[in-house]
Amino acid sequence: MKFARDTWLIFQRQFLLLVRQPVWLFVGIFQPVMYLLLFAPLLKPALQASSNAEAYRIFVPGLLVLLAIFGGLFQGFGLIAELRAGVIERSRVTPVSRLALLLGRSLRDVVSLIAQAIIITLLALAFGLTVFIGDLLLAYLLLALIALMTSALSYGIALVVKSEDALAPLMNTIAQPVLLLSGILLPLSFAPGWLQGIADWNPFSWAVDGARALFAGDLGNDAVWQGLSVMAVITTLAVTWAAREFARSVR
Amino acid sequence: MIETKGLRKSFRSRQGRSKKAVDAVRGVDLVVAQGEIFGFLGPNGAGKTTTLRMLATLIEPDGGEANLAGADLRTNPGEVRRRIGYVAQGGSTWDESTAREELVLHARMYGIGKAEARQRAERALEAFQLTEYADRKCKTYSGGQRRRVDIALGIIHDPKIVFLDEPTTGLDPQSRAHMWDEIRRLRAEGMTVFITTHYLDEADALCDRIAIMDHGEIVAEGTPAELKREISGDVVLVTVEGSAQDAAKVLETEPYVTRLETSDESGLRLYVNDGARDMPQILRALDTAGFALSSIELHRPSLDDVFLTKTGRSLRES
Ligand SMILES: Nc1ncnc2c1ncn2[C@@H]1O[C@H](COP(=O)(O)OP(=O)(O)OP(=O)(O)O)[C@@H](O)[C@H]1O
Ligand SMILES: [Mg+2]
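If you're matching them up, the sequences are chains A and B in order.
Just so it is clear: in the first sequence, position 74 is 74 by the UniProt record's numbering, and no numbers are missing.
Just so it is clear: in the second sequence, position 188 is 188 by the UniProt record's numbering, and no numbers are missing.
Isolated chain A, as found in the complex:
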């Protein structure tokens, strides 16, 4: 009860501060729309898809997963600014739940990601994507898990390194292989065998496969439950670890 209340309190505050920055809305929507408009036309021939709808069914879930990963991974910068301002220390002298300090923030990130995802889905629908609403909601759940995980990781790492200068290269180093090996932009079915072998070890490639199956309307596909479970497990670990970092002494 106290925990839920605390989480809601932190979430409200963070959400309010976010919507006060209209720049965020602009950047958050502009980027994916560019991908959709400028990149997608190349897809149909490249993927040898039979229709625009099919091309979008492959591309859009990948794009959404990409946004979830990146949107989350770079949240740590905001936290470093809060650390510097003394806001985190001020929170830590109160009896507020440490898990709530993390979750309130991460849930804000999840909500803003889902808002982005809805806008992109609507646009893609206008361009000819078709998807079942039930499958779509399940895909959003998957995205929410990813965003929760990556933002929690980012917050945890921010608390450990405590400086933007260290966080930026670290996040890029994590993001790059994750991106290249997850088959996000193009499916790995084109990749040589050894590359696919490595990709199997990339948890996000499971997530992408799951999301693609959902957008394809293939709810019974093993990739769906596998993707969801892999993400759920890693998210739990990431959240537990990051909440501990909030509880530990930081300066």
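It should be emphasised that the hints constitute simulated quantities derived from the structure, not laboratory data.
Source: prediction; values computed, not measured.
Possibly wrong hints are sitting among the right ones.
In silico negatives: residues of chain A with every beta carbon more than 10 Å from chain B [as the list claims (entries may be wrong)]:
1) Leu16
2) Val27
3) Phe70
4) Phe74
5) Phe77
6) Gly86
7) Val93
8) Pro95
9) Thr121
10) Gly128
11) Asn172
12) Leu181
13) Leu219
14) Trp225
15) Ala232
16) Thr240
Among the chain B residues that face chain A by a calculated CB cut under 10 Å, a handful are [as the list claims (entries may be wrong)]:
17) Met1
18) Arg82
19) Gly85
20) Ala88
21) Arg108
22) Met109
23) Gly111
24) Ala115
25) Phe163
26) Ser294
Just so it is clear, CB atoms sit at the ideal spot from N, CA and C, and this is done for glycine as well.
Got chain A sorted already, so can you dock chain B with the ligands onto it with the hints?
Same frame as chain A, now just chain B with the ligands:
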């Protein structure tokens, strides 16, 4: 109200390749009574902030124990948090929120309900003369206004003890006087106030009791008057035209000089038993040795003199 025993903390920090341990706090024993303004005086790096951060549950002590308002620091930090307030040296407000938002949020983090939190925020804004700026973003505040918000935040939940880390650093003299009044008002309400400061006059005027800290240890403790009384006699400040070192050689041998320090190129600090009686003798001795005086001053020992005799350094210099 506060009782600590053997509180210790050392930090491991990297210096180039080698790791070095800094003993920031080495065994602090303190007793602070309820309703007292207790001052922590010491130069940069003495370990004041580290001690406060330990007492405020922000860092775990390496050793020792503490009891705050009846709650044990080690076994029950959650209860300690409920009973204390803490105002950090570096501030605690977020640029993009308003003072009112910060106060309401902070009250709510202590589990206070929404309506009650709003009322408390309103009262705090009034008490700290912030009503006028309450709904402006914190980034638009002056340093003094911002500091007042910090302190209002620290006491929004009516703690039994409040820790204020350098509450007046960076304030102009008028704001500083205001802040002293605020702090005295907290005491009048029965709160125990624990402040740190670099200012001797502040410690002297504001604090009921003080502890002088140096290199992680408490070197003296008592009321300002007690501490000054420990240094018997008076202080004579002499500035000569020429080298203070040479003048020191002359005065060292005078029997009535109990202690002597050179404070800079040409300044001397003499501790004597009775300034009024000994000053003429000092003048005579210097005159005989051929030193021309540029000034001579007599005063009662200050806290700086206490610091000087306890640590061998002046607080002003360090
Ligand atoms: N997180 C840390 N890591 C490493 N060393 C630290 C850390 N925090 C403090 N120290 C060191 O511990 C010592 C005591 O620092 P502290 O901040 O307690 O001093 P202070 O008395 O508050 O000084 P000031 O008057 O400058 O605020 C200093 O030498 C400082 O460099
Ligand atoms: Mg300090």
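For each hint, the structure was consulted:
Leu16 (chain A), annotated as away from the interface, has a beta carbon of chain B within 10 Å; the closest lies near 8 Å. No Cβ of chain B comes within 10 Å of the Cβ of Val27 (chain A); the nearest lies about 17 Å off, and the non-interface call holds. The beta carbon of Phe70 (chain A) sits about 23 Å from the closest Cβ of chain B, which is more than 10 Å, so the claim that it is off the interface holds. Look at Phe74 (chain A): its CB is around 18 Å from the nearest CB on chain B, clear of 10 Å, so calling it non-interface holds up.
The claim that Phe77 (chain A) lies off the interface holds: its Cβ sits roughly 15 Å from the closest Cβ of chain B, which is beyond the 10 Å cut-off. For Gly86 (chain A), the requirement that its beta carbon stay farther than 10 Å from each beta carbon of chain B is not met, with the minimum near 4 Å. With 10 Å as the threshold on Cβ separation, the claim that Val93 (chain A) sits away from chain B is violated: the shortest Cβ distance comes to roughly 4 Å. The claim that Pro95 (chain A) is not at the interface with chain B is violated, since a C-beta of that chain comes within 10 Å of its own (minimum 5 Å).
Residue placement check: Thr121 (chain A) keeps its beta carbon more than 10 Å from all beta carbons of chain B (closest about 31 Å). Listed as outside the interface, Gly128 (chain A) is consistent with that label: its C-beta sits roughly 41 Å from the nearest C-beta of chain B, beyond the 10 Å cut-off. Distance check on Asn172 (chain A): its Cβ is at least 24 Å (rounded) from any Cβ of chain B, clearing the 10 Å threshold; non-interface status holds. Separation of Leu181 (chain A) from chain B is adequate, the least Cβ-Cβ distance of about 33 Å exceeding the 10 Å criterion.
Against chain B, the non-interface label of Leu219 (chain A) holds: every CB pair exceeds 10 Å, the least being about 42 Å. The Cβ of Trp225 (chain A) lies farther than 10 Å from every Cβ of chain B, with a closest approach of about 39 Å, so its non-interface assignment holds. Every C-beta of chain B lies more than 10 Å from that of Ala232 (chain A), the closest at about 30 Å, which supports listing it as non-interface. Taking the minimum C-beta to C-beta distance to chain B, about 20 Å, the non-interface status of Thr240 (chain A) holds against the 10 Å cut.
Taking 10 Å as the C-beta cut-off, the interface hint given for Met1 (chain B) is violated, the closest approach to chain A being about 17 Å. Below 10 Å, beta-carbon pairs count as interface contacts, and Arg82 (chain B) has one with chain A at about 5 Å; its hint therefore holds. Restraint check, Gly85 (chain B) versus chain A: the minimum CB separation of about 8 Å is within 10 Å; hint holds. Annotation: interface hint on Ala88 (chain B) holds; nearest CB of chain A at approximately 5 Å, less than 10 Å.
Interface hint status for Arg108 (chain B): upheld, as the beta-carbon distance to the closest one in chain A is roughly 5 Å, under 10 Å. Here the hint on Met109 (chain B) is kept, as its CB sits about 4 Å from the closest CB of chain A, short of 10 Å. Proximity of Gly111 (chain B) to chain A holds as hinted, the smallest CB-CB distance being about 7 Å (cut-off 10 Å). A cut of 10 Å between beta carbons decides the hint on Ala115 (chain B): the least distance to chain A is about 15 Å, and the hint is violated.
Look at Phe163 (chain B): its Cβ gets to within about 9 Å of chain A, closer than 10 Å, so that hint holds up. A distance limit of 10 Å between C-beta atoms decides the matter here; for Ser294 (chain B) the minimum to chain A is near 47 Å, and the interface restraint is violated.
Checked against the numbered hints above, the structure breaks hints 1, 6, 7, 8, 17, 24 and 26 and satisfies the rest.
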